[in-house]
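There are 2 protein chains.
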Amino acid sequence: MQTSRTTPSRTAKRAHYDEPTIHAILDEALFCTISFAQDGQPFSIPTAFAREGNRIFIHGSVGSHFIREIEKGIPVCIAVTLIDGLVLAKSGFSHTVNYRSVIIFGKAEKIEDNAEKEKALALITNQLIPNRWEDLRPSTASEMRKTTILAFTLDEASAKIRTGGPNDEPEDRSLPTWSGVIPLKTVRLAPEPDETSAAMPLPDYLC
Amino acid sequence: MQTSRTTPSRTAKRAHYDEPTIHAILDEALFCTISFAQDGQPFSIPTAFAREGNRIFIHGSVGSHFIREIEKGIPVCIAVTLIDGLVLAKSGFSHTVNYRSVIIFGKAEKIEDNAEKEKALALITNQLIPNRWEDLRPSTASEMRKTTILAFTLDEASAKIRTGGPNDEPEDRSLPTWSGVIPLKTVRLAPEPDETSAAMPLPDYLC
Chain E
140 MQTSRTTPSR TAKRAHYDEP TIHAILDEAL FCTISFAQDG QPFSIPTAFA
190 REGNRIFIHG SVGSHFIREI EKGIPVCIAV TLIDGLVLAK SGFSHTVNYR
240 SVIIFGKAEK IEDNAEKEKA LALITNQLIP NRWEDLRPST ASEMRKTTIL
290 AFTLDEASAK IRTGGPNDEP EDRSLPTWSG VIPLKTVRLA PEPDETSAAM
340 PLPDYLC
Chain V
140 MQTSRTTPSR TAKRAHYDEP TIHAILDEAL FCTISFAQDG QPFSIPTAFA
190 REGNRIFIHG SVGSHFIREI EKGIPVCIAV TLIDGLVLAK SGFSHTVNYR
240 SVIIFGKAEK IEDNAEKEKA LALITNQLIP NRWEDLRPST ASEMRKTTIL
290 AFTLDEASAK IRTGGPNDEP EDRSLPTWSG VIPLKTVRLA PEPDETSAAM
340 PLPDYLC
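Line by line, the protein sequences give chains E and V. Per this note's numbering, the very first residue in the first sequence carries number 140; after that it's consecutive. Per this note's numbering, the very first residue in the second sequence carries number 140; after that it's consecutive.
One or more of the hints may lead you astray.
As the list claims (entries may be wrong) - Label-pair ranges, simulated between beta-carbon atoms: (1) E:P159 to V:T302: 34 to 40 Å; (2) V:E255 to E:K285: 20 to 26 Å; (3) V:R312 to E:E273: 19 to 25 Å; (4) E:E273 to V:T142: 24 to 30 Å; (5) E:E331 to V:E282: 44 to 50 Å; (6) E:T142 to V:G212: 40 to 46 Å; (7) E:P159 to V:E308: 38 to 44 Å; (8) E:E158 to V:P277: 44 to 50 Å; (9) E:P342 to V:E282: 49 to 55 Å; (10) E:P342 to V:K324: 18 to 24 Å; (11) V:E255 to E:T302: 29 to 35 Å; (12) E:K285 to V:T325: 31 to 37 Å; (13) E:D252 to V:E255: 53 to 59 Å; (14) E:A337 to V:K249: 32 to 38 Å.
Said to hold, decoys possible - Calculated lysine-lysine pairs in the DSSO-like style (CA-CA distance at most 27 Å, straight line): (15) E:K324 to V:K211; (16) E:K285 to V:K285; (17) E:K152 to V:K285.
Hints were generated in silico from the structure; no laboratory data involved. From the three backbone atoms N, C-alpha and C, an ideal C-beta is built for every residue, glycine too.
Okay, chain E solo, but in the shape it has when bound (with noise of 0.2 Å):
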């Protein structure tokens, strides 16, 4: 949604704020950063998450300062990048890279009931290794008292992207300085398998 808060200073037309956008930026990271405020001091920390619909949930620890702070309510900013690319141009000032972010204001809502925390877990897990979830044994008691699963809703939410090649200004255009793309692309390498699994076939999923 436009508001005030989603509305970038700079370059405005690389704003997104259509939910098939934004939900296809969110569905490829692999990590978000989100930030909450203690006296004009910003934190931030890394985290896993994955999108439900509307909503995204994140994880942690019931010990964890960071949730325990955030719980509470109080407002968050969630930051996801994804770089695709070095854009090299015939000048520094037009250099620039190829992404797609996406920033969510909001406040987190805590999820209490244990069949809704299960199936965030199922989504988080499932959001870096598809179809991993319901390969494992089920959650324990004690696990799921150990967890906390936070939700916040994209109703605050805007994407930013940036595509294609330099923007050079006319007059650089003829230097004879090699100007294009470097496309970057996150690779998944040959699974290594620990020492319980050295002698078991890969699971279809990580083939």
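Using the hints provided, position chain V relative to the given structure of chain E.
Showing chain V alone in chain E's frame:
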């Protein structure tokens, strides 16, 4: 430096305060997420940066709301995160990721000297593409006037690192579930020249 703010409430054995560890993480990263707070509301933005010695530098437009706020010298938190692998345990509870992260608390120092500003721009550009700056035309006076450079010391920086395989509970280790690590890596794909550079040879620093 270890302070109350840089001492994690959980997994304190993952915390590191030595310069070589912190510097290596910063030097490998492509961006940081910088946050400030206003009236209890945190605001975060991803941005490029570079380190030299005990400081990091960011740049931005003199017209950027975000830059104009943090150049006042208000408290900021800067988060840098590298995700190295997905750690698949026997239980959902023991799933985690291997990561290297740095959190910096500090306040901006605005760099006013033109030679220092130009040096910081060279560092930021070369952080993304080593040796690129030396291949570019000099910055113009107008470009420099439009650019703000802010520095932050690493006096209150800390790293957190997780490496290795899953740490399953002894009673889970005989479960027939595949466990281990899926390493992740950010790779640079083949450079894509724009229309001015299709016939140019690639510079050495891109080969």
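Do the hints match the structure? See the list:
1. E:P159 to V:T302: 34 to 40 Å: holds, 37 Å
2. V:E255 to E:K285: 20 to 26 Å: violated, 50 Å
3. V:R312 to E:E273: 19 to 25 Å: Holds: the Cβ-Cβ distance is about 21 Å, inside 19 to 25 Å.
4. E:E273 to V:T142: 24 to 30 Å: About 44 Å separates the Cβ atoms of E273 (chain E) and T142 (chain V), which means 24 to 30 Å is violated.
5. E:E331 to V:E282: 44 to 50 Å: With a Cβ separation near 47 Å, E331 (chain E) and E282 (chain V) satisfy 44 to 50 Å, so the hint holds.
6. E:T142 to V:G212: 40 to 46 Å: violated, 27 Å
7. E:P159 to V:E308: 38 to 44 Å: Given about 41 Å between the Cβ atoms, the range holds.
8. E:E158 to V:P277: 44 to 50 Å: holds, 45 Å
9. E:P342 to V:E282: 49 to 55 Å: The hint (49 to 55 Å, Cβ to Cβ) holds, given that P342 (chain E) and E282 (chain V) are roughly 53 Å apart.
10. E:P342 to V:K324: 18 to 24 Å: holds, 22 Å
11. V:E255 to E:T302: 29 to 35 Å: For T302 (chain E) against E255 (chain V), whose Cβ atoms are near 33 Å apart, the range 29 to 35 Å holds.
12. E:K285 to V:T325: 31 to 37 Å: holds, 33 Å
13. E:D252 to V:E255: 53 to 59 Å: holds, 56 Å
14. E:A337 to V:K249: 32 to 38 Å: violated, 56 Å
15. E:K324 to V:K211: At roughly 36 Å apart (the allowed maximum being 27 Å), K211 (chain V) and K324 (chain E) break the hint.
16. E:K285 to V:K285: violated, 51 Å
17. E:K152 to V:K285: Judged against 27 Å, a Cα distance of about 20 Å means the pair holds.
The structure fails to meet hints 2, 4, 6, 14, 15 and 16 from the earlier list, while all remaining hints are met.
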